[in-house]
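> What follows is the residue order along each chain.
Protein chains: 2
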Amino acid sequence: MEIHILPERGLWPGLSRRDAVAEAHEETARIVAEVFDNVATYGDKAVREYEKKFTGAVRESLRVAEDEIYEAAGMITAELKESIEKAAANIAAFHGAQKMHRVEVETVPGVVCSQRQVPIDTVGLYVPGGNSPLFSTILMLGVPARIAGCRRVVMATPADATGKVHPAILYAAQIAGVTDIYAMGGAQAIAAMALGTESVPRVYKIFGPGNRFVMEAKQLACYRRGTALDMPAGPSEVMVIADKTASAEFIAADFLSQAEHGPDSQSILLTDSREVLDATVNEIERQLSSLPRREMMQKSLEHSRLIQLGSMAEVMEFANAYAPEHLIINTADAEALAGEVRSAGSVFIGQWSTESAGDYASGTNHTLPTSGYATAYSGVNLDSFCKKITYQRLTPEGVESLAPTVMVMAKAEGLEAHSRAMEVRKEALKKSALC
Amino acid sequence: MEIHILPERGLWPGLSRRDAVAEAHEETARIVAEVFDNVATYGDKAVREYEKKFTGAVRESLRVAEDEIYEAAGMITAELKESIEKAAANIAAFHGAQKMHRVEVETVPGVVCSQRQVPIDTVGLYVPGGNSPLFSTILMLGVPARIAGCRRVVMATPADATGKVHPAILYAAQIAGVTDIYAMGGAQAIAAMALGTESVPRVYKIFGPGNRFVMEAKQLACYRRGTALDMPAGPSEVMVIADKTASAEFIAADFLSQAEHGPDSQSILLTDSREVLDATVNEIERQLSSLPRREMMQKSLEHSRLIQLGSMAEVMEFANAYAPEHLIINTADAEALAGEVRSAGSVFIGQWSTESAGDYASGTNHTLPTSGYATAYSGVNLDSFCKKITYQRLTPEGVESLAPTVMVMAKAEGLEAHSRAMEVRKEALKKSALC
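Sequence order for the protein chains is X and F.
Here the first sequence is numbered in this note's numbering, starting from 1 and rising by one per residue.
Here the second sequence is numbered in this note's numbering, starting from 436 and rising by one per residue.
No lab work stands behind these hints: they were computed from the structure.
For each residue, glycine too, the CB sits at the ideal point set by N, CA and C.
Check the hints yourself; a few may be wrong.
As the list claims (entries may be wrong) - Okay, the calculated bits of chain X under chain F, using three or more residues with CB under 8 Å as the criterion:
id, segment
1, 92–98
2, 248–255
3, 287–300
4, 347–361
5, 391–400
6, 408–416
Required output: the full structure, derived from the provided sequences and hints.
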């Protein structure tokens, strides 16, 4: 862990830097481009061959059948089922409240403009496989997609070597209302959803996390096909803001929870209290000793930072410049500080609000912008599954109100035919008035 | 113009295809990457050298000074000023109505989740130069940015050979509330805004149209720096839906208005009436003969299509699959059909609602998704200048409500430390209850 006591302002940008692991990008890009070419040419056959090569899985069909999905429910504990259902209900409650009313304004007499939230017809959700079945991610993506009203909610997730998908993943998909499940992973799964194959429908937007091949494939789908993406990817991160009232035990637990995500995830503590900073260092050591995955967590902690600043005003300035994915405000006046947040993915207000709550079940989404992208990007929310379409309706009166403005501007921009399209309507009204 | 009478369904996908002009992409990408490298290394100096090379313009400063902006107001007609002000007022009225109320939900007792629309601190607007000064684009981007509350609204637009920016552009920028104007264009302008230089602030999101170098530069900014973009680019297009009640004169005027945008813009007529289709062909010939830019417009009309389908149900199905940028519904039951639109940028309802109205002054935005991107992307709207940040606050009761769910799910995902972060809080509550 790095400890910085009252660093000079000139050092702040360096302390805000994410030390992302440099990857062999060109090689990844080459492999993924080849996968796209093969899926474009050979469709399902190419996907199945990649699946066999990378996971050893041989399935009769990429599509997961209804009976496989129903069987899954019998293979997980009642306790886990109930937890998945409760989390889904909270996510549904919060995302359902994000439904937008139609906006309608008569801007000038006879000109009514409106805006509606309309679902994206077909979306694709990617859920990584591996040892940890990330069924929480399915709830975070599938529940809002269903509430938005997407007609087809396609999910791709890799099977294990025996050709099976983890039952908790299938159960969560069922609860979330996913309509089409495919046992496929990696770049080939993204390519299949972006391009469409014999059995996989083409989707218009792709959501979800993944390894570097999956991320490169999402980028390539966006670049080649204009497939929309949820957001750019980066390692997960948490920033904790603490004053002298904060419990070092809670801060340490939040740091370790973040460290568990992977060796490149980052935790940052900002505090105006040297005592809390020192106590947190001790608490992290203490709690770490009783946790699994210690080695990986220690790697993550290496590039974590504990920073003492001169005042809470400085703390907020630093936080807004960093634009953290998760921001925990563990102070006495947490609610007031939350009002000063200008850039963050999701904010956890007060000592009882741990990141884990939002990761699983508070109701907010856990798919959030990392790496400073919170300066311009939102986390996944109901809008992520919708377009906003605008409408305008002009009456004859509206033509009269608007024509002079439109015609003057169009002519000044050198667009004569734009002016004429208004003019022919104005003339038609004049003629009909003369009749 | 292509005419298709009752084409078989198998032909529909071909008829929905955009015939975008293939460009020398690799060469463009190479040039733009070099521009980025030079701007990253040499900052303002590189930008000024590119400006001199491409426009011949030599200015003392890239930044447009206050007195240049004030002078501009004296150089355009009172009529144009008034039109710009009226258009800005309509855009402000409609985009102001898009402000979102805070969403707040208590998902379970003691767990309050909320969502707020928060402005992006610094945005960049690109406005092309050339013969037609696109001051309307400044209103469409600058007015919503101001209403959203963006602190810095940076605009880049190239100067002419004498080093001057068109006065109508400066006037519109002043009305829109742009805070920083730079006389620079092309890939170097995008690089300067994405990377930041001595005089140009780094922006988090870039908006606006441009030539292929500008578009490639926006893509590269997104790829290299995670700079957010308004949407992917493509040639402009209009789809007109008409029944037998429609005036061929109006349809033709709308086609020609679209054709004026450039040789690769596309117009499509969908109708169930052969008579209207034939009359439109004749009207286009007639109106074209009295318009400037005829040669370019004829090029655009070459890949425009007039299609007769069997019913209005088929028409709507085709329209939703095509996902047009602009959709004019020129039918007797226009309002009802507008309710069936699932994918479009902006919809013009009824015979009096010409695209020109929305291009300039109805109040809706004219920066819209082309090329079928309306399947997943929205046009520019107030949200485009905001992030949606989520918040959660747990009380001790909230910890009790949520802890079992979070702990079961975290453990099932193999994330022990996530479970602990909840558990330490539960334990602390138990202890304090015992005291």
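> Among all the numbered hints in the text so far, which are the ones the structure does not match?
none
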